[in-house]
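Residues per chain, in single letters:
Protein chains: 2
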Amino acid sequence: MTTLPPSDKALVPFVSVENMMKLVHHIGIEKMLTGLADYIEDDFKRWELFDKTPRVASHSAEGVIELMPTSDGEVYGFKYVNGHPKNTKAGLQTVTAFGLLADVSNGYPVLLSEMTVLTALRTAATSALVARYLAPKGADTMAMIGAGAQSEFQSMAMKAICGLKSVRLYDIDPAATEKAARNLQGMGLSVVACESAEEAMEGAQIITTCTADKQYATILTDNMVGSGVHINAIGGDCPGKTELAPGVLERSSIFVEYPEQTRIEGEIQQLAADHPVTELWRVMNGEAQGRTSAQQITLFDSVGFAIEDFSALRYIRDHIGGTDYYLELDLLADPDDPRDLFGMLQRAGA
Amino acid sequence: MTTLPPSDKALVPFVSVENMMKLVHHIGIEKMLTGLADYIEDDFKRWELFDKTPRVASHSAEGVIELMPTSDGEVYGFKYVNGHPKNTKAGLQTVTAFGLLADVSNGYPVLLSEMTVLTALRTAATSALVARYLAPKGADTMAMIGAGAQSEFQSMAMKAICGLKSVRLYDIDPAATEKAARNLQGMGLSVVACESAEEAMEGAQIITTCTADKQYATILTDNMVGSGVHINAIGGDCPGKTELAPGVLERSSIFVEYPEQTRIEGEIQQLAADHPVTELWRVMNGEAQGRTSAQQITLFDSVGFAIEDFSALRYIRDHIGGTDYYLELDLLADPDDPRDLFGMLQRAGA
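Chains as they are written, first to last, in the working numbering: chain A, 194 to 543; chain B, 194 to 543.
Keep in mind the hints are simulated off the structure, nothing from the lab.
Treat the numbers as computed from the prediction; the structure is a model and nothing was measured.
One or more hints might be untrue.
All copies of an identical chain are treated as equivalent in the list; a pair is satisfied when it fits inside any one copy or across any two copies.
As the list claims (entries may be wrong) - The calculated lysine-lysine pairs, modelled on DSS-like cross-linking and capped at a C-alpha distance of 30 Å, are: (1) Lys282 - Lys202; (2) Lys215 - Lys202; (3) Lys202 - Lys279; (4) Lys224 - Lys238.
Sequences and hints are given; from them, build the entire structure.
So this is what it looks like as structure tokens:
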């Protein structure tokens, strides 16, 4: 039998949370958010190439664990993500995630990465990318309703990608508003802490809702929303969890990632199953119109889609080369002779 | 906001290929195979508890990448596995795998492990566990047809779990037969290298077929198989890949892991969709009969099922404590305050 040298394909680069954070600072958060948006836009523009398997969910009384796979025919990716609303009470994250890319031609993984930090970045980059297509011209003020873990990322992405100048923060918990305001000090945005959602919306052309209740909530009532705004609805992202009054939805032009998924998980679960929506990839490709008038209310009913994770993992794969921000894990067995796994095991004990 | 200490749940134990091999030698391969069989048997006995999601496959011209999730309601597990028959030509493994266990109550991963070596061990442990239920009394000789990566593991598991004394090896490639015979020297088995499948089957009460062709092959023809044997058919494990002549199947009492999957992937894809089969978990629970006569041909139509991987990962989780055979990976972000992910990121750059 021939003996080939051990393949470097047996080693899989791994980006830990610590290294992901170092990579963000190494690249610069605004440059990274812009780069992620570019990767996401590239993948949305080739949307039809992708294998869009529905996510595979394992539900329990406490929450859900999901696998979100996709492939563009050359690269395969999946994300593991959980959602456990009660976790915060135990000092744990509601959502944690990690992801993997693999080479379709041989099935070997090529990247394993934390995706808690990366998902926050890609969610914000997607929102800002969409706002760049849909927000009214000259929009420079955002109401940020909900000041949880995603709020600062949303604000920074809107700054980097859409030229946001001012963010008006509101959370039902004043300590959360204060935390986000503090974190955004010195980041190049004018930051206003507000005491009500209505106050936050004064003068805002972009309204981002990102609250965490797992129930039908009404963060925006119909009379709160005037014409000519862009609504970036992040929080409604699973069955039974919505943030907007149906009246707001009915007055809006609604844009979605993947209708099949959004109709189950997004704000539009409140509407008829055939309510018209526009797929964002068609807008980015020029096949469908985005905003058509200054008075229009545009709504991005964001739920998060596997292709965005795929794009984010591609970005990381392309940017860790030449840095120290990854480890090589021997995740895969690579015997010299593929038929001699047992011999490799025996030699390891010698 | 309260500041909780960083949780140790943010660190996920990782067992690399190197550490898995060290763990095998630390425990001892026969003890480990026996232990794995015990864990698999325990999980088969509580079969109905498990969430049996079908595997999620991404097919390409070159092969397949699959995610195999399952859960017993307390622990969630999945395996990533690829199958790329042409990989061996490039010196790569046809199949590589890794797996993960997580806590259903909070969604946090509790173990990440290589599963190339571990899958070889659990496949062999499953075969031997099943043979312990089905093989004729006093069976001590096995014909091992196909001397690839799985053959030595099968032989050692049959020794450890069923009291096998002699293995008769045959592969269409004499170099493979020679490799397996060499690897099994000094392991406590009488090893006979044979020049034909017929020669290998002389005097064998257990016949294991494990060949790798992705096509309808006939490793065992009808006239080769006498009465009173147990056939352990490993190699037929995907659509279009079988090893046994239909006549052998028709004369056998057929036992399977999960009929829904085996009818698509196993030897029984050659039979009518309602051909009677017995589920192994029912045999282990005492709800169904195993071997009922000395003359009967029993057939385990093995395709590998997610619960076996789950059992194997549980075994690893329970046996790495107190050893040095794992690393702690910071796969999950764990900010002191779950709402302050951005603050954690900012502090990492300070």
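So, going through the hints one by one against the coordinates:
1. For the identical chains of this complex, Lys282 and Lys202 are inter-copy neighbours only, at 14 Å across copies versus 42 Å inside a copy, given an alpha-carbon limit of 30 Å.
2. Taking the shortest alpha-carbon separations for Lys215 and Lys202, both the intra-copy value of 25 Å and the inter-copy value of 21 Å come in at or below 30 Å.
3. In this homomeric assembly, Lys202 and Lys279 come within 30 Å of each other (Cα to Cα) only across copies, at 15 Å, whereas the closest approach inside a single copy is 40 Å.
4. With identical chains, the CA atoms of Lys224 and Lys238 are at most 30 Å apart within one copy only, with a shortest distance of 21 Å there and 54 Å across copies.
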